[in-house]
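Chemist: What follows is each chain in one-letter form.
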Amino acid sequence: MINIIARALLMSTPLLIGATAEVIAERAGVMIIAVEGIFLIGAWGGFVGVYTTGSYLTGFFLAALLGLCVALIYGWITIILKQHQIVTGTALNIFIAGIVAFFHRVIFGVPLLPLTIEPLEKLPIPLLSKIPVIGGLLFDQSILTYVAFLLALTAYFILFKTAAGLVIRSVGENPVAVDVVGISVEKVRMLVILIAGVLGGIAGSFYSVVYLGMYTEGIIGGRGWIAFAICFLGNWNPIGAIIGALIFGVAESIAIYMQSSGGGFLPNEVFIALPYILTIILTISRKQFNVPAKLGVSYIKEN
Amino acid sequence: MNPKMRDLIVSSFLSVFLGLFVSGLLMLFLGANPFSVYGRLFSFLVRDGYTFADIFVKATPLIFTALAFAFTFKANLYNIGAQGQFYIGALTSVAASLLIGPRLPGIFSLVLILIVTALAGGIWGGFVGFVKARFNANDFLVSMMSVYVALALMNYLLRTVLIETKHEYPQTNPIADTLFIPTIIPGTRLHAGFIIAILVAIFCWWFLYKTTIGFRIRVVGLNPVAAGYAGIESGRIYIIAFLISGALAGMAGFTEVNGVQHMLVQDFNTTIGSEGIGIAILANAHPIGIIFGAILFGALKVGGSILGQTSGIPSSIIGIMEGFVMIFVLLSFWVRKKLELRRDIAKLKTGVNR
Chain A
1 MINIIARALL MSTPLLIGAT AEVIAERAGV MIIAVEGIFL IGAWGGFVGV
51 YTTGSYLTGF FLAALLGLCV ALIYGWITII LKQHQIVTGT ALNIFIAGIV
101 AFFHRVIFGV PLLPLTIEPL EKLPIPLLSK IPVIGGLLFD QSILTYVAFL
151 LALTAYFILF KTAAGLVIRS VGENPVAVDV VGISVEKVRM LVILIAGVLG
201 GIAGSFYSVV YLGMYTEGII GGRGWIAFAI CFLGNWNPIG AIIGALIFGV
251 AESIAIYMQS SGGGFLPNEV FIALPYILTI ILTISRKQFN VPAKLGVSYI
301 KEN
Chain B
304 MNPKMRDLIV SSFLSVFLGL FVSGLLMLFL GANPFSVYGR LFSFLVRDGY
354 TFADIFVKAT PLIFTALAFA FTFKANLYNI GAQGQFYIGA LTSVAASLLI
404 GPRLPGIFSL VLILIVTALA GGIWGGFVGF VKARFNANDF LVSMMSVYVA
454 LALMNYLLRT VLIETKHEYP QTNPIADTLF IPTIIPGTRL HAGFIIAILV
504 AIFCWWFLYK TTIGFRIRVV GLNPVAAGYA GIESGRIYII AFLISGALAG
554 MAGFTEVNGV QHMLVQDFNT TIGSEGIGIA ILANAHPIGI IFGAILFGAL
604 KVGGSILGQT SGIPSSIIGI MEGFVMIFVL LSFWVRKKLE LRRDIAKLKT
654 GVNR
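Residue numbers (this note's numbering), protein chains in the order written: chain A, 1 to 303; chain B, 304 to 657.
Chain A with its partners taken away, still in its complex shape:
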């Protein structure tokens, strides 16, 4: 039982980072449809960085950098050139899948055995991790897990308690008003999406660097979309994102537990599909949404 909860925290980590990134961006009116691709390129970049240099820092840095590059392209097409966000994001996702597969092949050829790296070790926090039961649960986790929760709380603070947060939220609700005050809507949106790209890249690197210690083509398998969904279900609020990420973390850790314990009363596939079914159910059942008014709408200045 404790195992499942500890693992749930682990599995919720990338979802929480990704969802927080999505919340920040969507509050400013930009949906990051390229999130699946950003996760994928982050997972690959993290793996390549660690495999080639042996340094985890390089891995995370490369993942963040690649995420930033994708966000830059996505932002340029959708925010500056004002093209359709869903269409652009979908095109980028296909493109990234191709480019990652291509360069993986260019760099590593076709190895007989899958290339592996040592997954990043846990980082027990001194003293706190010694607390019985809770210590092992909460304070003996990967460093990314602590970062994820701190990040969500910081994002909450910035979005709702600071002037900068007010600007970000206003850009998503009423860009004209922001423009009138003399703040460039495009600049705010670009900035926000670049931050989200960096975070998304790091979130993706979790799967290769922290969790699996290897890279495969299907490594993300829709988890980017789940982060996207958590942002919706969490009502565009980082605290909601924490709750959502934990729910999905539990679902995923139950799925892993059931698979490793040799199934049970239900076929494996039910547990594999569980997070996705859960998303559908939650999407349907959630009634009161607080959608940013200009979500997905390009801002075109009137002359």
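Hints are computed from structural coordinates only; laboratory data are not their basis.
Note that beta-carbon positions come from the ideal geometry of N, C-alpha and C, so glycine has one too.
Possibly wrong hints are sitting among the right ones.
[To be verified] In silico EDC-like cross-links for lysine to aspartate or glutamate, where the CA-CA straight-line distance does not exceed 20 angstroms:
{"id": "1", "chain 1": "B", "residue 1": "K641", "chain 2": "A", "residue 2": "E186"}
{"id": "2", "chain 1": "A", "residue 1": "K82", "chain 2": "B", "residue 2": "E643"}
{"id": "3", "chain 1": "A", "residue 1": "K122", "chain 2": "A", "residue 2": "D140"}
[As the list claims (entries may be wrong)] Okay, the calculated bits of chain B under chain A, using three or more residues with CB under 8 angstroms as the criterion:
{"id": "4", "stretch": "327-334"}
{"id": "5", "stretch": "343-354"}
{"id": "6", "stretch": "411-418"}
{"id": "7", "stretch": "432-441"}
{"id": "8", "stretch": "446-452"}
[To be verified] Here are some, though not all, of the chain A residues that point toward chain B, as calculated from beta-carbon distances under 10 angstroms:
{"id": "9", "residue": "I77"}
{"id": "10", "residue": "F95"}
{"id": "11", "residue": "V100"}
{"id": "12", "residue": "F102"}
{"id": "13", "residue": "V110"}
{"id": "14", "residue": "F139"}
{"id": "15", "residue": "F265"}
{"id": "16", "residue": "R286"}
{"id": "17", "residue": "A293"}
Fit chain B to the known structure of chain A by using the hints.
Modeler: For chain B alone, coordinates are given in the frame of chain A:
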């Protein structure tokens, strides 16, 4: 020819060309000469009738999945789940084929299987439209997630109920050969499914642009509020659009199973849904343009897999080519708008001067 149409054609060709050009630059990373790679790619494609016909074999399911995306796109809905509806279609098609076997006359059973498959895909897709209409659930998210559910369902059935008699691999028995979709050119794999795809594309065009319900779908897409004032129930439109969209994607399962594979294996055609979206973007969601876009992607797929087998170029270069083409198409939308604006301004100016 009106300038808008001319821009569209010129920019589409330019986007394809630029996409291939930039992908060619990437080949330099592998130390390959892009000119000789493209030369070889082209000569392979026209080398023999079998390979050439394969372009249209590959294009067939892509026409369906692209139409599936385009159909909902016209109603400002997003069916990102064509891959899942395709899986459901393939499952239904193979299950129905195995069930019917050689018992019924071929042509009669083929029509029956097609209808059942379209229905199954339609119901799977229609669910998204239903929850959108009834609960205002986000169609984009629900359709995306339904892909993974369909995949899990397919893997489960292939592992249990539908598994081959030898129980060795997660795949089905081959279907009876009376249920193969007949080939139209002897000596190739090109089957009548391609003709069905073209007819369906033409039908979609007619349906969207020449019928009342098609008109309503487009009106809801353009402005749901105005559509509401005009007495169009957007909820019903959502359900209809997703039903048809899912049925279209499901039909791709029929042509793939009964036309090409003649059985169902695990992990086949995993990119058909996303490529369909790419083609729909390329064709600006126009059903007739989709036919040509699908043939282009079909050619890339065939050429790419030959390249992968015969030279050092990994076949994932195809994903890059497709991606670049799509990105350039998106950029061309922007350029076209600028050109149009400039033309309008020029028109206004000459009008003022006169």
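Chemist: Against this structure, judge whether each hint is valid.
Modeler: Quick rundown of the hints versus the structure:
1. B:K641 with A:E186: Measuring from Cα to Cα gives roughly 19 angstroms; hence the hint holds.
2. A:K82 with B:E643: Roughly 16 angstroms separates the two Cα atoms, so the pair holds.
3. A:K122 with A:D140: 6 angstroms, holds
4. 327-334: It holds: at least three residues are needed, and the stretch 327-334 of chain B offers 3 whose Cβ sits within less than 8 angstroms of chain A.
5. 343-354: Violated: only 0 residues of the stretch 343-354 of chain B have a Cβ under 8 angstroms from chain A.
6. 411-418: Since 0 is below three, the answer is violated.
7. 432-441: holds (count 4)
8. 446-452: Our answer is that it holds, as 6 residues pass the Cβ test (under 8 angstroms) against chain A, meeting three.
9. I77: Where the cut-off is 10 angstroms and the nearest Cβ of chain B is about 6 angstroms from I77 of chain A, the hint holds.
10. F95: 3 angstroms, holds
11. V100: Holds - the Cβ of V100 of chain A comes within 10 angstroms of chain B, reaching about 8 angstroms at its closest.
12. F102: 5 angstroms, holds
13. V110: Interface hint status for V110 of chain A: holds (9 angstroms vs cutoff 10 angstroms).
14. F139: 33 angstroms, violated
15. F265: It is violated, given that the least Cβ distance between F265 of chain A and chain B is near 14 angstroms, above 10 angstroms.
16. R286: 8 angstroms, holds
17. A293: 15 angstroms, violated
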